[in-house]
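> If you want the building blocks of each chain, they are given just below.
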Amino acid sequence: MTRRVALFITCLTDQFYPRVGVAVTKILEHYGCEVEFPQAQTCCGQPFFNNGFHPEAKELAKRFVEIFEPYDYIVSPSGSCTAMVREQYHQLFAHDHAWEHSMAAVTGRTFEFVEFLDKVLQVNLSDLKLPQSSSISYHYTCHLRGIGVKDEGLKLLQQIGNVDFRPLEKTDQCCGFGGTFAMKYPDISGAIVEDKVQCIADTKADTLICNDAGCTMNIAGMCHRERMPTKVKHISEVIAEAMGLDLSGW
Amino acid sequence: MSDTVSLPVIGSHEPFDFDTASTAAAHNEPLKRTLNTAVMRQYTGRQQRMTDLPDPDAIRTLAGDIKQHTLDYLDYYLDQLVTNVERNGGHVYFASNGAEAKQIILDIAAKNRATRVIKSKSMVSEEVELAQAMELAGMDVVETDLGEFIVQISHDKPSHLVAPIVHLNKAQVAKMFADYFGTPYNDDPKALTMQARDYLRDKFRKADFGITGGNFLVAESGLVACVENEGNQRQSVTTPRILVSLVGIEKVIPRMSDLAVMIKLLSRSATGQPITIYNNIFGGPRSAGEKDGPEEFHLVLIDNGRTEILQSEEYRETLRCIRCGACLNACPIYRKIGGHAYGSVYPGPIGALITPLFQGLGNYKDLPQASSLCGACYEACPVKINIPKHLINLRRDIVNTHLNGPFERAFYRFWAWTMTSRVMYYVMTQLQKFDLRRRAVHSGWVRKLPLFGSGWTQVRDMPAPARRTFHQQWHGKK
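Protein chains in written order, with our numbering: chain A, 1 to 250; chain B, 1001 to 1478.
What the hints contain is simulated information worked out from the structure, not anything from laboratory work.
Check the hints yourself; a few may be wrong.
The list that follows gives simulated cross-link-like pairs (lysine-lysine, DSBU-like), each with its CA atoms no further than 35 Å apart [what the hints assert, rightly or not]:
hint	chain 1	residue 1	chain 2	residue 2
1	B	K1175	B	K1032
2	B	K1264	A	K204
3	B	K1111	B	K1157
4	B	K1032	A	K58
5	B	K1477	A	K231
6	B	K1170	A	K231
7	A	K129	A	K155
8	B	K1264	B	K1170
9	B	K1111	B	K1206
10	B	K1477	A	K62
11	B	K1389	A	K170
12	B	K1448	A	K155
13	B	K1190	B	K1032
14	A	K58	B	K1477
15	B	K1032	B	K1291
16	B	K1264	B	K1203
17	B	K1111	A	K58
18	B	K1264	A	K150
19	A	K58	A	K184
20	B	K1111	B	K1170
21	A	K231	B	K1389
22	B	K1157	B	K1170
23	B	K1291	B	K1264
24	A	K119	B	K1157
25	B	K1448	A	K184
26	B	K1433	A	K26
27	B	K1190	A	K58
28	B	K1175	B	K1206
29	B	K1433	A	K184
30	B	K1111	A	K62
31	A	K155	B	K1477
32	B	K1111	A	K155
33	A	K150	B	K1389
34	B	K1384	B	K1448
35	A	K204	B	K1111
36	A	K129	A	K184
37	B	K1111	B	K1032
38	A	K119	B	K1477
39	B	K1190	A	K170
40	A	K129	A	K150
Starting from the given sequences, assemble the full structure and let the hints guide the process.
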C-alpha cells in the first residue's frame, strides 16, 4: 500500500531552504511514499499563536486542517511547526465541535520528518554512506520536546557511514531563536546564540545538523557573523547526499 | 551585578524596566560565567537523579495531580490542616497580604518579648520582606542559611529560588566576608563556611524566636515539612522558645503519603540530591518528655494574591509550584541574565509567569514576552506546570487588554491576513525575497536590517532567501 504523504514545507523552509524540501521529497519517494505538495498551504499560524493573536491563528489553523485533511500523512521538516499543529491546535479548537473532529484527524497524522522516518517508515540508514568522511555535530531543536522526539535524529545520523560524529555540549540548550523573540530581545538572544556557536566551535565539526529552519537561520547567521566555516544543514541534506540524490530541483 | 541593576521594591506596582536590567545582565561576562558553572551543575544533577526513579515521567504526573487536586479543593484541605495544627497545640493565623502577615508575626514577638531571631531560608518571607520589617521593629534578625546570610550582610537580593547567591563567585563572597567581619581576605570556601558557622553558632545559642517557611503543609497530620542541607533550620525549629512558620496557602497537600512523593521530587529537582541532608517535619509545641522544640508554635498562612489566581481555572495550575528552581536551571534565558533581571523575588520561567499574575500584567508585561518558548522549563518541572503555554496565554491577555502598542497589533494582524490566501502569500514571499536579496547584494547574507529587523542583525547576519521558493520549484516537478 502506497502511503500518500503531503509535504508541509513551512514558510521559512519554503523561502530560505527550498533544497531541504527537495531532499525530504526525494527521500520519502525513495522509501516508496507518494509525495504531494498542496499548493494552497501558507502558514500554520505559529507566529500569531505564540504572540497572543489567537483568533488570527485559529483562522490559519482552519485553513491548514482543510488543506491537509485528504492525506494519509502530513510530514514537515520543522519540529516547531509540527509542534504547533500537534500541541497548540487542541487549545485553539477546544470546545469547537464543528472542527474538533477534523482537527484531531489531521493533528494525529502530522509528523516531523525524522520522527516519520523512525516511527512510521522505521528506516535504518546503516546501508548508506557519505562519499567522504565528514565531522558532524547535532543540535537538539527545542520543539522536538513538545512532540516527544528525543534522540531519533541522532540515532539515524550515526547509522550513516563516514559520519564522524562530534557530540555538542549543551545540545539541548535553546539556540536563542524563539521566533520574534530573536528580534525583540536581541541582547538576550545574542548571548544565547553566542553560547551555542561557541559550543559548536569547540566540536571542530565541519557540519552542524539542525532540523528547524528558524534555528538554522539563527545559528548559521551567527556562524557567518563570526566568520566560522561551519555548515549548518538539515538532516535530510546529509541523508540525500549519502543516497546520491540531486537537490538542485526538478 | 547588584551595583548595575536596581531592583524595584516588591509590591511597589511600578512598571519594571526589564529591557535595561536584562540587557546589562546579558553583557555581564563574569555573571554569565558564574551562572553557567553553577546552574549547569544543578541541571545535570537533576537529570541524573531523576533517572534513578523507575518512571520519572509518571511520578511527575502524580505529583502534579496531587497538587492540582489539593488546589481544586483547597478550602477543604485548609480546614483540615487548621483543625490538626490546633489539635497539635499550635496556633493558626490567616494573613490576606504581606502587611498583615508581618503584623501578626511582630505581635507574636512583642507578646512574648522575643527579640533575637534566627530565620531559615524561605521564599515567601522574601516575598513580603519579613526580615526587613523585623529589623525595622528593632529585632536582631539573622538569616542562618549560608547563602541567605551572604545576601543579608551584602544588602543584596536572592537571585535563585534555591541557590540565593548563584550570581556570586568565590572572590566576591570572600570580599564581603572581609568587609563585614573586618578579617583578612581569604577565599577558601571551607574557611569562609567555618567563619560563618562560628558566628551563627552564637546566634543559635541566644535566639528566642525561630522563623521558617514551609515546603509542604500536610493536612491530615497538621505538620509542616521543610527541607534543608545545613542544619540551620533544625536549629530554628528546636532551639528558640517561640517558633513561627510563614507559609503560602498553596503549600497544602492532603496526606503524609503524598509527602513521600513530593520530597522525592523536590530534592532531586532542586539540587540533584536523592534526599536533602535534613528533612524537618514539625508542628505544635514541645510536648511533655520531649527534649527540644518550642514552647509555642504559630503557623501564619498567607494569601497575598494566591486566591485571585486560584479563581482562574486557567492559571490555577501555576500554584502547583514547589519552588524547586529546576525551571531556572533549565532556562536558556535565566542562564544568561540571572535572577535579578526579572525584578522580582521569583525569577526564571516560573517568575516570568507568576510575577505578572501576582503584581499585575501591566507592571511586568515584558516577562512573558522575553521567552523563546523552548519548553525546557516544562520538561524540568516536577509538578508539570505547562509554563510555555501559560506564557503564551499571558501574551494573549496582553493583546486582548491592549497592553501592547496599536502598531504592533496592526502589524501582526496584517501579517496574519496575508497568510490567509495563496496569492497574498506568494506576493509577500516575493516582496521579501526581492528586498532581502537586494540588501544581501551578492554575498547571500544581509548584514544590516532596518526597523524591527535591526534586532536580528544587531547580533547575527540574516541569510538571503533562495532564488526560487519551494513552491516555485515544485512547479518544475513532473
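> With reference to the structure, classify each hint as holding or not holding.
Hint check:
1. Proposed proximity of K1175(B) and K1032(B) is supported: the alpha carbons are some 20 Å apart, at most 35 Å.
2. A hinted pair counts as satisfied when its Cα atoms are at most 35 Å apart, and K1264(B) with K204(A) does not qualify at roughly 40 Å.
3. A threshold of 35 Å between alpha carbons decides the hint, and for K1111(B) with K1157(B) the separation of about 30 Å falls inside it, so the pair holds.
4. Distance hint between K1032(B) and K58(A) is unfulfilled; the C-alpha atoms sit about 39 Å from each other, more than 35 Å.
5. A distance of roughly 28 Å separates the Cα atoms of K1477(B) and K231(A); the hinted pair therefore holds under the 35 Å criterion.
6. Of the supplied pair hints, the one linking K1170(B) and K231(A) is violated, its CA atoms being roughly 39 Å apart against a limit of 35 Å.
7. With a C-alpha separation of about 15 Å, the suggested pairing of K129(A) with K155(A) holds against the 35 Å cut-off.
8. About 30 Å separates the Cα atoms of K1264(B) and K1170(B), which keeps this hinted pair within 35 Å; it holds.
9. Between K1111(B) and K1206(B) the CA atoms are separated by roughly 18 Å; this keeps the pair inside 35 Å, and the hint holds.
10. Proposed proximity of K1477(B) and K62(A) is supported: the alpha carbons are some 28 Å apart, at most 35 Å.
11. The hinted pair formed by K1389(B) and K170(A) meets the criterion: a straight-line CA distance of about 24 Å does not exceed 35 Å.
12. Between K1448(B) and K155(A) the CA atoms are separated by roughly 38 Å; this puts the pair beyond 35 Å, and the hint is violated.
13. Distance check on the hinted pair: K1190(B) and K1032(B) sit about 24 Å apart at the alpha-carbon level, within 35 Å; holds.
14. Taken as a hint, the K58(A) and K1477(B) pair is honoured in the structure, with Cα atoms around 32 Å apart against an allowance of 35 Å.
15. Proximity of K1032(B) to K1291(B) is assessed by CA-CA distance (about 47 Å); at most 35 Å being required, the pair is judged violated.
16. A hinted pair counts as satisfied when its Cα atoms are at most 35 Å apart, and K1264(B) with K1203(B) qualifies at roughly 32 Å.
17. Taken as a hint, the K1111(B) and K58(A) pair is broken in the structure, with Cα atoms around 61 Å apart against an allowance of 35 Å.
18. Restraint check for K1264(B) and K150(A): the C-alpha separation of about 25 Å stays at or below 35 Å, so the hint holds.
19. Proposed proximity of K58(A) and K184(A) is supported: the alpha carbons are some 24 Å apart, at most 35 Å.
20. Between K1111(B) and K1170(B) the alpha-carbon distance is near 42 Å, which puts this suggested pair outside the 35 Å criterion.
21. Under the criterion of a C-alpha separation no larger than 35 Å, the hint pairing K231(A) with K1389(B) is consistent with the structure, at around 33 Å.
22. The straight-line distance between the Cα atoms of K1157(B) and K1170(B) is roughly 17 Å, inside the 35 Å bound, and the hint therefore holds.
23. At roughly 29 Å between alpha-carbon atoms, K1291(B) and K1264(B) fall within 35 Å of each other, so this suggested pair holds.
24. Proximity of K119(A) to K1157(B) is assessed by CA-CA distance (about 49 Å); at most 35 Å being required, the pair is judged violated.
25. This hinted pair checks out: K1448(B) and K184(A) have alpha carbons roughly 16 Å apart, not beyond 35 Å.
26. For the proposed pair K1433(B) and K26(A), the alpha carbon gap of about 25 Å is at most 35 Å, so the pair holds.
27. Between the alpha carbons of K1190(B) and K58(A) the distance comes to roughly 58 Å, so the proposed pair goes past 35 Å and is violated.
28. Simply put, K1175(B) and K1206(B) have alpha-carbon atoms about 28 Å apart, close enough for the 35 Å limit, and the pair holds.
29. A distance of roughly 22 Å separates the Cα atoms of K1433(B) and K184(A); the hinted pair therefore holds under the 35 Å criterion.
30. Between the alpha carbons of K1111(B) and K62(A) the distance comes to roughly 66 Å, so the proposed pair goes past 35 Å and is violated.
31. Of the supplied pair hints, the one linking K155(A) and K1477(B) holds, its CA atoms being roughly 32 Å apart against a limit of 35 Å.
32. For the hint pairing K1111(B) with K155(A), the CA-to-CA distance comes to about 68 Å; that exceeds 35 Å, so the pair is violated.
33. With a CA separation close to 20 Å, the supplied pair K150(A) and K1389(B) stays within the 35 Å bound.
34. This hinted pair does not check out: K1384(B) and K1448(B) have alpha carbons roughly 41 Å apart, beyond 35 Å.
35. Annotation: proposed proximity of K204(A) to K1111(B) is violated, straight-line Cα distance about 68 Å (limit 35 Å).
36. For the suggested pair K129(A) and K184(A), the alpha carbons sit about 42 Å apart, so the restraint of at most 35 Å is broken.
37. Under the criterion of a C-alpha separation no larger than 35 Å, the hint pairing K1111(B) with K1032(B) is inconsistent with the structure, at around 47 Å.
38. Of the supplied pair hints, the one linking K119(A) and K1477(B) holds, its CA atoms being roughly 28 Å apart against a limit of 35 Å.
39. As the CA atoms of K1190(B) and K170(A) are separated by approximately 30 Å, the hinted pair is consistent with the 35 Å bound.
40. Between K129(A) and K150(A), the direct Cα distance comes to roughly 24 Å. Compliance with the 35 Å bound is thereby established for this hinted pair.
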